[in-house]
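Generate the whole structure from the sequences, applying the supplied hints.
Just so you know, the sequences run in chain order E and L.
According to my numbering, the first sequence holds residues 1 to 519 in order.
According to my numbering, the second sequence holds residues 520 to 675 in order.
Hint data in this document are derived by calculation from the structure and do not stem from the laboratory.
Even glycine gets a Cβ: it sits at the ideal position worked out from N, Cα and C.
Only true hints are included.
Label pairs and their in silico Cβ distance ranges: (1) E:Arg-132 <-> L:Asn-653: 37 to 43 Å; (2) L:Pro-661 <-> E:Ala-394: 33 to 39 Å; (3) E:Thr-2 <-> L:Tyr-555: 43 to 49 Å; (4) L:Glu-616 <-> E:Arg-170: 54 to 60 Å; (5) L:Pro-535 <-> E:Ser-254: 29 to 35 Å; (6) L:Ala-669 <-> E:Gly-33: 30 to 36 Å; (7) E:Ile-439 <-> L:Glu-616: 15 to 21 Å; (8) E:Phe-301 <-> L:Gly-534: 15 to 21 Å; (9) E:Pro-399 <-> L:Gly-538: 46 to 52 Å; (10) E:Thr-138 <-> L:Gln-566: 44 to 50 Å.
Here are some chain L residues pointing at chain E (derived, C-beta under 7 Å): (11) Leu-542; (12) Phe-581; (13) Tyr-582; (14) Phe-585; (15) Leu-640; (16) Gly-641; (17) Gln-642; (18) Ala-657.
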Amino acid sequence: MTVRIYIPGDSAALALGAHDVARAIAGEAAQRGIDVEIVRNGTRGLLYLEPLVEVETPAGRIGFGPVDVSDVKALFDAGFYAGGCSHPLAHGMVEQIPYLARQTRLTFARSGITDPLSLADYEAHGGYRGLRNAIGMTPAEIVATVTASGLRGRGGAAFPTGIKWNTVLRAPGPEKYIVCNADEGDSGTFADRIVMESDPFVLVEGMTIAGMAVGATRGFIYVRSEYPHSIDALNHAIGIARLRGYLGANVLGSGRTFELEVRKGAGAYICGEETALLESIEGKRGVVRAKPPLPALAGLFGRPTVINNVLSLAAVPLILDQGAQFYQDFGMGRSRGTLPVQLAGNIKNGGLIELAFGVTLREILYDFGGGSASGRPIKAVQVGGPLGAYLPEAQWDTPLDYEAFASLWAVLGHGGIVVHDDRADMAKLARYAMEFCAIESCGKCTPCRIGATRGVEVIDKIREGSDRPRQVILLRSLCDTMLNGSLCAMGGMTPYPVLSALNHFPQDFGQVAGNERAA
Amino acid sequence: MNHAERIRDILDLFGPGPGQDQLLPVLHALQDQLGYVPPESVDLIAQAVNLSRAEVHGVVTFYHFFRTTPPARCTVQICRAESCQSMGSDALLAHAEARLGCGLHSHSLDGAFALEPVYCLGQCATSPTIMINNAVHARVTPARFDALLASATEAI
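If you want it as C-alpha cells, here you go:
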C-alpha cells in the first residue's frame, strides 16, 4: 500500500530545509522498501512546526514537526509512515492541534491541505464555485454582494471593498483594470505570501470575479522582488487557469474576457502605497501621486482601477460562493469576516492565525503564541507593520477590531504582530522607524523626505542625552509635521511607532515614567 | 558576444517598440541575464522604450533591487526589519561582518561575498532570516550562518 506523505513546498518550509527533508524521506523509504508518495502541499500556517510533515491515515492526517533531516531515520524507526505517534515530534491529528482547531479558516481553508498548483484539488475543495455564481449575476449584483458582506480592505486602510468596486463599476471608460497589491513589505506580515504560495488559484479567482464585477478585462498582480517563490507559483497558476478556460478571451464560456499578468517589484517599500504601485507598473519611479483623483476613477494608465490587497481579493470567492450573509456573520462591530493575524518576532509559536474579528491581543500572544520565544517577559508588541504603533501590556486586552485600535491611536493594518521581549530598547526601535522611513521615502513630499532624516538625528541626540528635554519637544513637533503634512502613510504614519514608543516607554528615552503625554 | 550585443539581444525579446510599462520587466531581464544593469545599457534601453536617458536612469536608481555594478559571486542579505531585530539580527549581523570581514553595502576582502541589508523576506514567524543568492534561510543562528557560509563557499 502506498503511503501518502505531505511535505510543504512553500518558501517558509524551504527556508527551513524542507527540500532536504523530502529527499531524505524519499531516500530512507526506498532503502527500507516502503512505498511512499510525497505531495508538496502548502503551509498550514503553523510556522513554529515547520517543516511540518504529515502522514495520511484513514482517520486523517498526522503531523510531525519541526522535522530536520537528522530526525528522519528515527521517524522511520518509530513507524511514523504508518501513523505511529511514539516519536517526540508527533503532534497527532493535524486538524486537532489546538493552534489550528481554534481558528476560523475561511480565506485559508485550503492552505496546507491541497497541492497549491493542482486545479483538481482546488475545485474539489470549493474552488471556482464563486466565479461560476458570479458569471450568472449582473455586475451590479456582484458588487452588491461584496458590499453586503461587509468586507473591508485588508491591506491596512480598511476601506469597504464593495464601495470601491461600485465607484469603478460606475466610472465611464473603455478600459478598466484590476490591480492586486502583493507588495507585502511590512515586517511581521506574510499572509499574502501564504495565499500566493499555498493557494494561488484563490487569488486568480478573486481577481477574475472583480473583473466581472466592474467590467475590467485585464488584471495585474504586483509582487515584491523579495518573493520569487510567490511569483513562480502565481505564474504557474495563471498558466494552468488559462489552459483550462478560467482565464482568457471567453472565461468559462461566458463570452467575457479576463487576462492576468504578474509584475515584479524591485525592492521599494513605498510601492506598497497604491499610487506608487501604479506608477511602478507604468514603468516609472515609485513616486506617490496626490489624491484626488482616486485610482477608482483615474488609476492605472489613467483608467478606472480596482486596486485591492491580496487578502481582500482572496476573500471574494468565498463570499460569492457562500453568500454575503455567511461572511457578514463573522466578526464584530463594523469589522466583518475574519482577520488573518500574523504572529511573528520574539514569540514561541509564531504563525498564521485566522480568526473572526474581536479576539484580544493577549489571547493571541499567550493562548496561541505561548509567550515569548526567549522565555523572557514580553515588553511591547508592534501591530500593523513598521508604520504601526507599539502597544504596552496595558493595551493587550484590546479586541482586534479596526475601530478599537483606532481609538487607542494604533492601527490593525494588515494584521501583522511583532513581539519584542524585555530586552528591546524602544528608543532604538523608534530610531529604526525613522531610519526606515528615510531609506524608503519616495522623496516627493518634504515632511517625509527631510523629516525622517531629522528624526534620526533628534532621536540620536535624545539617546546620547544631550539637551534631552528640548530634543523631546522637537521630536514631538517633527512628528506633528510628518503626521499632518505628509502626502501618504509612509511619512504620515512613521510617527505612530515613534510616538507610541516615546509615550508608553519614556524610560527608554531617558524620560521619567508617569510623565506621559497623549499624542 | 560583447556586452552591447547581449544587451540588444535581451531588448529584442520585448519586440518592437515596447511601451514604458515594460521598463521594469526589461531591467529585470537585464539583471537576470547579466547580474546587473550595466550603465552602458541605459542609452540602448532609452532608445528601445522611447524615453530619455534621464528617465531610464531615474528608474534604475530609484529601485534598491537594481544594481549598476557586477555582483559579487555570492550575495548575503541579512534582514534588518523589526521582527528579525526582535530575534537577534543585530548580533547576527555583527557575526556576519566579523566572518566576512566587511560591513553592510560592501564586499569581503577576497571580493567573493557581498553583504547587503534586506527589509523583510516575509518569514517573520521564523526569524531571523537571511538570503544567500536566491535562497532564503530562516531561524539562522550564528552557528547555522557559518554552516551556510561554508556550503556557499564550496559552491563558488
